[in-house]
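Participant: Chains G and B, in that order, give the protein sequences.
If you're matching positions, the first sequence starts at 1 in this note's numbering and goes up one per residue.
If you're matching positions, the second sequence starts at 1 in this note's numbering and goes up one per residue.
Hint data in this document are derived by calculation from the structure and do not stem from the laboratory.
All of these numbers come straight from a predicted model, not from anything done at the bench.
Quick reminder that beta carbons are idealized off the backbone N, C-alpha and C, glycines included.
Wrong hints could be hidden among the right ones.
To be verified - Cβ-Cβ distance ranges computed for the label pairs, FRET-style:
(1) A74(B) with R560(G): 46 to 56 Å
(2) Y140(B) with K551(G): 20 to 30 Å
(3) T361(B) with G298(G): 26 to 36 Å
2 protein chains.
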Amino acid sequence: MASQYTIGMDFGTNSVRALVVRLPDGEEIASYVQDYRYGNHGVIEEAGSPNLARQHPQDYVDGAEMAIRGALEAARGDAGFAPERVIGLGVDTTGSTPMPVDEEGTPLAFKSELERHPAAPAWLWKDHTSVAEAEEITSYARTVHPEYLAKCGGVYSSEWYWSKLLHCARTAPEVFAASHTWLEIADWIPAQLCGIDRPEEIKRSICAAGHKAMYNPQWGGYPEAGFLEALHPELGRIRRTLPDTCYSVQEPVGALSAAWAERSGLPRGIPVAVGAFDAHLGGVGAGIRPGVLVKNIGTSTCDVMVQPFGRPLEDIPGLCGIVPESILPGAHGLEAGQSAVGDIFNWFVSHLQPGGPEVGTHQTLSRQAAEVPAGAGGLLALDWHNGNRTILVDQRLTGMIVGLTLHSRPEEIYRALIESTAFGARTILERFEEYGVNVDEIVSCGGIPKKNPLFMQIYADVLKRPLKISRSDQTAALGSAIAGAVVAGSAAGGYDTFDDAVARMTGTLEQVYEPNPDDAAIYDELYALYRQAHDAFGGVRGDVDFSQLMKELIRIRDERR
Amino acid sequence: MASQYTIGMDFGTNSVRALVVRLPDGEEIASYVQDYRYGNHGVIEEAGSPNLARQHPQDYVDGAEMAIRGALEAARGDAGFAPERVIGLGVDTTGSTPMPVDEEGTPLAFKSELERHPAAPAWLWKDHTSVAEAEEITSYARTVHPEYLAKCGGVYSSEWYWSKLLHCARTAPEVFAASHTWLEIADWIPAQLCGIDRPEEIKRSICAAGHKAMYNPQWGGYPEAGFLEALHPELGRIRRTLPDTCYSVQEPVGALSAAWAERSGLPRGIPVAVGAFDAHLGGVGAGIRPGVLVKNIGTSTCDVMVQPFGRPLEDIPGLCGIVPESILPGAHGLEAGQSAVGDIFNWFVSHLQPGGPEVGTHQTLSRQAAEVPAGAGGLLALDWHNGNRTILVDQRLTGMIVGLTLHSRPEEIYRALIESTAFGARTILERFEEYGVNVDEIVSCGGIPKKNPLFMQIYADVLKRPLKISRSDQTAALGSAIAGAVVAGSAAGGYDTFDDAVARMTGTLEQVYEPNPDDAAIYDELYALYRQAHDAFGGVRGDVDFSQLMKELIRIRDERR
Chain G
1 MASQYTIGMD FGTNSVRALV VRLPDGEEIA SYVQDYRYGN HGVIEEAGSP NLARQHPQDY
61 VDGAEMAIRG ALEAARGDAG FAPERVIGLG VDTTGSTPMP VDEEGTPLAF KSELERHPAA
121 PAWLWKDHTS VAEAEEITSY ARTVHPEYLA KCGGVYSSEW YWSKLLHCAR TAPEVFAASH
181 TWLEIADWIP AQLCGIDRPE EIKRSICAAG HKAMYNPQWG GYPEAGFLEA LHPELGRIRR
241 TLPDTCYSVQ EPVGALSAAW AERSGLPRGI PVAVGAFDAH LGGVGAGIRP GVLVKNIGTS
301 TCDVMVQPFG RPLEDIPGLC GIVPESILPG AHGLEAGQSA VGDIFNWFVS HLQPGGPEVG
361 THQTLSRQAA EVPAGAGGLL ALDWHNGNRT ILVDQRLTGM IVGLTLHSRP EEIYRALIES
421 TAFGARTILE RFEEYGVNVD EIVSCGGIPK KNPLFMQIYA DVLKRPLKIS RSDQTAALGS
481 AIAGAVVAGS AAGGYDTFDD AVARMTGTLE QVYEPNPDDA AIYDELYALY RQAHDAFGGV
541 RGDVDFSQLM KELIRIRDER R
Chain B
1 MASQYTIGMD FGTNSVRALV VRLPDGEEIA SYVQDYRYGN HGVIEEAGSP NLARQHPQDY
61 VDGAEMAIRG ALEAARGDAG FAPERVIGLG VDTTGSTPMP VDEEGTPLAF KSELERHPAA
121 PAWLWKDHTS VAEAEEITSY ARTVHPEYLA KCGGVYSSEW YWSKLLHCAR TAPEVFAASH
181 TWLEIADWIP AQLCGIDRPE EIKRSICAAG HKAMYNPQWG GYPEAGFLEA LHPELGRIRR
241 TLPDTCYSVQ EPVGALSAAW AERSGLPRGI PVAVGAFDAH LGGVGAGIRP GVLVKNIGTS
301 TCDVMVQPFG RPLEDIPGLC GIVPESILPG AHGLEAGQSA VGDIFNWFVS HLQPGGPEVG
361 THQTLSRQAA EVPAGAGGLL ALDWHNGNRT ILVDQRLTGM IVGLTLHSRP EEIYRALIES
421 TAFGARTILE RFEEYGVNVD EIVSCGGIPK KNPLFMQIYA DVLKRPLKIS RSDQTAALGS
481 AIAGAVVAGS AAGGYDTFDD AVARMTGTLE QVYEPNPDDA AIYDELYALY RQAHDAFGGV
541 RGDVDFSQLM KELIRIRDER R
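In isolation and in its complexed conformation, chain G is listed as follows:
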């Protein structure tokens, strides 16, 4: 019998990927990446405003068409493949990336009177123009609705929905006045594919709403209108355009429209799943289930877990997000992350260039650092070169290194930087477990795990757990494809539940990094010192005695040499 197929679409910062996946086994048979064309690799910037990052919706539309067509073309190499055998489609996007639309659902950036206005396009996740508004929202919520903050780590971010809307209302009121509502692109893109324009008819993503827009069924969905009106009257107006209910990725937004069937070459009428963010569907593509921590490790990290409804779950201080069904139906999705990981090593290599650009490469430094026994460098670092997302939720923290001597070598520093990110990862893991979300298994994915064995071994030793690696290199797109298979259902050749789909369509490599007990014991000692520095400089504790820290590092160093 010929196979069926599902398509996952991953709308990133600079490009969109379409991935064709075979059913039932999840084999990735073809993929195509379409770069965005507007702005600087898809990011619309403004001279003199380093925090501004916008994105034009035309890139989503054009990109979707080109990526699907490209992937279908590439899939023709697979013996059983034919476009009509695709049974469903899922979508993940960056976020929070909200976009103003009019009553008809037309993006304001498509309207001639606003097409050149910098506030009219989508406000990309990494747009940080709304720092002041984020602080205002945090501060006000702390007073009147602390529960709104409890689900997002205690601090509302400048990257998120309401901060961006408030900043627009204040700084571009003409755009704000022209907006009927604001949609996350995770809402807008799937609806577009189904020909659904009117905002009221669009099923909004609980992943986007819950993690970024203070949506939670516990308090009746989005924040109450009075709260928003107190921040700005216009926000109250927007609140009235928002639905009472948002949806998880197991729901279809609709069926692929005739127009999009024509544009893309896909069969008309196949179900399109509700959208979600890349990190969350990436967890799905990496095989998430209760007890599995999925770590997406690249320039920064995103750590996701699920806790099934029914198991106890408190608010977890410092966690970026706790949202029902943001990852899998029937479970809370939990999101944590580190603001910089690979970026820290890249900083060392590209900014400090130890030994020069030809000498101080990642490859050379990793090889040399692998020769330094754990603890023998005598160094300890804090991994806050880009602030701390979890568990401190504080951008105004910075990196530190201690233990330097006149003999400290670049590879020792490089190793200490890797270790510092591993200690940061352990802080997150421990925070999960302190609040009853137990980690039975760790699956890593992203850019680093397959490339850097030293990194992986250090993580296994610091976390004291085996570290697996996701089989898929495209976990977000695969997660979206899985959502497409689930909304299609088993009758069509897909799956009826995410549990089944994840179990059959994802997997890990045979290679597993196992902790080395000797190094793990050393790292226990170093981690205790890391936590001293973490808690003191992070403002958790004011009573840390640092008088022995340098001496302890020397003692460990001398024992290990």
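With chain G fixed as given, assemble chain B onto it according to the hints.
Facilitator: Showing chain B alone in chain G's frame:
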């Protein structure tokens, strides 16, 4: 009328210098450096014992002859010069560099039965084989004679006289048994030049004895025999060979012997001053007087001051040494220092090599760092890459840097390292003044001041004082020459007092680095943060709140950019 001349001899780690100085104005007319020939550039090392550093006395004898002959030869270029116009000679050496001798005063290294024994030569100042013994002496003195420690910063060092003797008694008892007494080379060399061999006839240097061997007239000179016997019976025996009185550099040890007149070409019978350490006679050559802080700034620093007898002077916690007449007669000599200064910048350039060896030079980094406004790098460092000598007296401290971001640049780090050493210097200056030793003027000398304007300006801004530079590049040898002129006396064409000699024979450059008030204000803020870290990691205070330190660095950075 033809001029008179004086000769200063500076016995360093790798070589000996002879400097011919014209009287009365202190003009340096000729100099000659003779490298040592034994071991590795004069340092006898032992494979597998990185802490061992010994020196053969033959190098002192041969080096003295060659250096004086070379300097006299070079001085012939000066119109009025003739060797018979030299009226006196002074000597400075490294220290504590004690050497075992027999009853006749013959160094054990000259005796055939011990000439190959590694414990028989002089134990060079930087020999660190006696760490355990230093801790034992510190700990025992703390219990029974805390006053012994109060004059040397509270901790007895592995570099010092009794540590070395105790280590020898324990590890090379055959050498120790053969020793009648141990002389500092600052004692032995001047005596040799005068043909004085028998240890009982040698005037020992109060500078060496006071700073390194717990000698102080306040408790009757050297430590009491019972204290030393409790450490080791053999130390009690050595104690009985030590004189009741030691002497300052205003005393002649004797007159140049006929044999040495023959060897060196100098006039027979000219007075030779009691020896002292290079740092202390360096202070004299830089123009020390009450109120003047002389900073000798090179790979490390040595800071010296004098406090005249009669002015109140408490024990100053953390100061390396407070010794009557160790620098000038009639005054206490005070010594402080930083374990690494230039060495820290050298580490950054030679070990990290930012941008590669051709790019990350001192010259380039200094030029780029000069473009970074004070505070704008957002970084703060602790200058403890080689421990902290003053005021913490703790070798087991290490360097630290905080405030790192993904944008931190090598020149910002380089600047932060310079600033950290300036903050260390301010800690020393403040410690002097907290205890009533006021600093009216700062004169710098050594390798860095004439070479690095950025360094000097940062120091002026951090210390909030004008910074002068010694005219002489050879302050130690010049100080020795001044001692030679004083022991010769005014009747011979020299001087009767150090006050007169220093006033006439030393000076500073016209160029003075003046503090910039704006930068000084920024550095006041950064210094407060430095002291937080200094006091917490240095074990002075356990109650420091670090929660705002990174945020303060960011605030200052953002204000200065």
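Participant: Now, for every hint given, state plainly whether the structure supports it.
Facilitator: Hint check:
1. A74(B) with R560(G): 46 to 56 Å: Since the Cβ atoms of A74(B) and R560(G) sit about 53 Å apart, the hinted range of 46 to 56 Å holds.
2. Y140(B) with K551(G): 20 to 30 Å: Cβ of Y140(B) to Cβ of K551(G): about 21 Å, so the range 20 to 30 Å holds.
3. T361(B) with G298(G): 26 to 36 Å: holds, 35 Å
Comparing the model with each earlier hint shows no violations; every hint is respected.
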